[in-house]
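Read off the chains here:
2 protein chains.
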Amino acid sequence: MQTPLTHKLQIRYPILQAPMAGGPTTPELIAAVSNAGGLGNLGAGYLTPEQIDQAIREIKERTAHPFGVNLFVPEPFTESVDEIRQMNNSLNSYRARLGIAQDPEITKYAESFEEQIQAVLDGGVPVCSFTFGIPGASVIEALKQRGTVVIGTATTVEEAIRLEAAGMDAIVAQGSEAGGHRGAFLNRQDEPLIGTMALVPQMIDQVSLPVIAAGGIMDGRGLAASLALGASAVQMGTAFLACPESGAHPVYKQKVLTAHEEETSVTPVYSGKAARGIVTAFMKDMNQYAGEIPPYPIQNALTRDIRQAAAKANNPEYMSLWAGQGVRLATTRSAADIVRHTVDQAMSILNR
Amino acid sequence: MQTPLTHKLQIRYPILQAPMAGGPTTPELIAAVSNAGGLGNLGAGYLTPEQIDQAIREIKERTAHPFGVNLFVPEPFTESVDEIRQMNNSLNSYRARLGIAQDPEITKYAESFEEQIQAVLDGGVPVCSFTFGIPGASVIEALKQRGTVVIGTATTVEEAIRLEAAGMDAIVAQGSEAGGHRGAFLNRQDEPLIGTMALVPQMIDQVSLPVIAAGGIMDGRGLAASLALGASAVQMGTAFLACPESGAHPVYKQKVLTAHEEETSVTPVYSGKAARGIVTAFMKDMNQYAGEIPPYPIQNALTRDIRQAAAKANNPEYMSLWAGQGVRLATTRSAADIVRHTVDQAMSILNR
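Keeping their order, the protein sequence lines are chains A and B.
The letter at position 266 of the first sequence is residue 266 when you use this note's numbering, and the numbering goes up by one with no holes.
Adding 1000 to a residue's 1-based position in the second sequence gives its number in this note's numbering.
Just chain A, same shape as in the assembly:
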């Protein structure tokens, strides 16, 4: 199961646990995956530099194996006071229902990318991956100088070509099946949502970097299929969401374990950026404001209190339940069991 990429990443199996921001990727999960021979990844997009620093230390306490940290590449956004006031008006009805304060004061829309990067550089991280675009050349250079492997995320062939030109070491091909935020950065408004089966071989033919297949891969069948397509590894997120080491909220895990493949949808209503999750009352109801959703990270900051209050009340209908289209195959196995089972099943398929 070794590929040039597993060699470069110094991992035993070509399985990356996806960096699911917002709670699921605990140090326990990351260390369990890395200890099992895969690559655990911290979804650090929403974390403060201090939280990143702390998480890196906790991961290193639990594993001597490589792991990764994922950051969101910021994009410029304009803050419209009117747009925010209007959205807050709309969101206040949900706040009333959840019994929390109207029009909360937002002091910060997003963490400082520069400070997050500094925490990654200071922390001595084996792998750093990026979503939502291409970081500046100085960032890529600084990471590489410290021996960090850098990975970009592409949803089209053209994005992969740009990432290769920017000096990435590998590329995650994010198919339309994938849960969570879409990594599209060249065609954000009207993303073509290309399926993994179509995306991976077309990308492999146009770039020379190793390609990591992501989207709809849930077990050894998906791993074997991805390797057959020419991928050097897979990235699996939803497959780990409901495992004991995942930090996903218990009602979120319950939803993941009972949802069907047709119950997810891509929506911008939680964060201002398209993301795939299990359909909730909030998603359905917010469709009435389509076209009025402020861009990321504004909307993300505006809905934070609602998502947090819903989680506290164990009410999944106002939480973001990011999950991919393979969700029927999610299990409660331990992270190590998921890695082992995936590898064993893929081996038996490829060797039959």
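What the hints contain is simulated information worked out from the structure, not anything from laboratory work.
To list a few chain B residues with every Cβ distance to chain A over 12 Å, as calculated:
(1) G1023
(2) D1053
(3) P1066
(4) F1077
(5) V1081
(6) L1098
(7) P1104
(8) S1112
(9) G1247
(10) E1292
(11) A1311
(12) N1315
(13) S1334
Just so you have them, the derived chain A footprint on chain B, three or more residues with Cβ under 8 Å:
(14) 1168–1178
(15) 1260–1273
(16) 1324–1331
Per label pair, the in silico range of CB-to-CB distance:
(17) A:L257 to B:G1124: 45 to 51 Å
(18) B:R1057 to A:A281: 54 to 60 Å
(19) B:S1093 to A:Q206: 36 to 42 Å
(20) A:Q206 to B:N1287: 27 to 33 Å
(21) B:S1080 to A:Y289: 29 to 35 Å
(22) A:L186 to B:D1082: 38 to 44 Å
(23) B:R1085 to A:K312: 54 to 60 Å
(24) A:S112 to B:N1088: 53 to 59 Å
For every residue, glycine included, the Cβ atom is placed at its ideal position computed from N, Cα and C.
Given chain A, put chain B in place with the hints provided.
Then chain B, alone, in the frame of chain A:
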């Protein structure tokens, strides 16, 4: 490369050429695929009983191997005179541009399904597949009594379960990557568009019938990947679109050979039913009438003169250019070469 399904279909390789209605599936293409060891399929949804009869005879003149015929299962539709008048008003501007008559008289929206089935029964067809739903029990029974293998099309696990209960012999799992009409029949209005990588294993776990993977499969990598997912065969359409035996219009072939994976979209504007094709000026422009498109088959009949006039004028922008998301991998190889190359590549992947 033999599976229980290839045995049942009496074909050498687990490759079905997709039944692309509207021109591409000439008797030459179908016979070439079947003679090469795959299963050629006639897209007969728009054909008169006489045309079906004629095509079957021409196929049988060219091959002694099995082949299939695909029909569209009709669904009830209501004809609104106002809606049709309004759409014709909108379409008249395209007609003016193409120099054809305004408000053409439509004498028939669709062919008679009963008469089409009779032609298939009379023709002695080895395989009959269906799209857009489940035919009546008497149809399935009559076909099976004549030894015809019956295949249904599903876009979700639930649709596959219904098709199995109805007595189908196999199921095409149509992933979101697939070109042409969406086969969705339980959730037509808000189809979840599940990618092949996610759909195939989830469907296989829930039905006992053989599953044929479709959507984004363009070469031996896609075939090997689909077999790894547990599929019994693949169905490939876009891969055959630009081959010499394909009846696709030359400018359509040219578009297929130059389009990128991100240039397709799912649209109801040509036929009233969602279908994936290369984006055209007509698709973009007609978006202004979203919500006013009459249902299939009405819209299909209303746009027919426009599509035909555009084809005559070699103007791809008003033709329907159905194609899947794997379109970058289309070639001008002969149909037999495509089958051979796909098999050889898959064998070398699976045996390495």
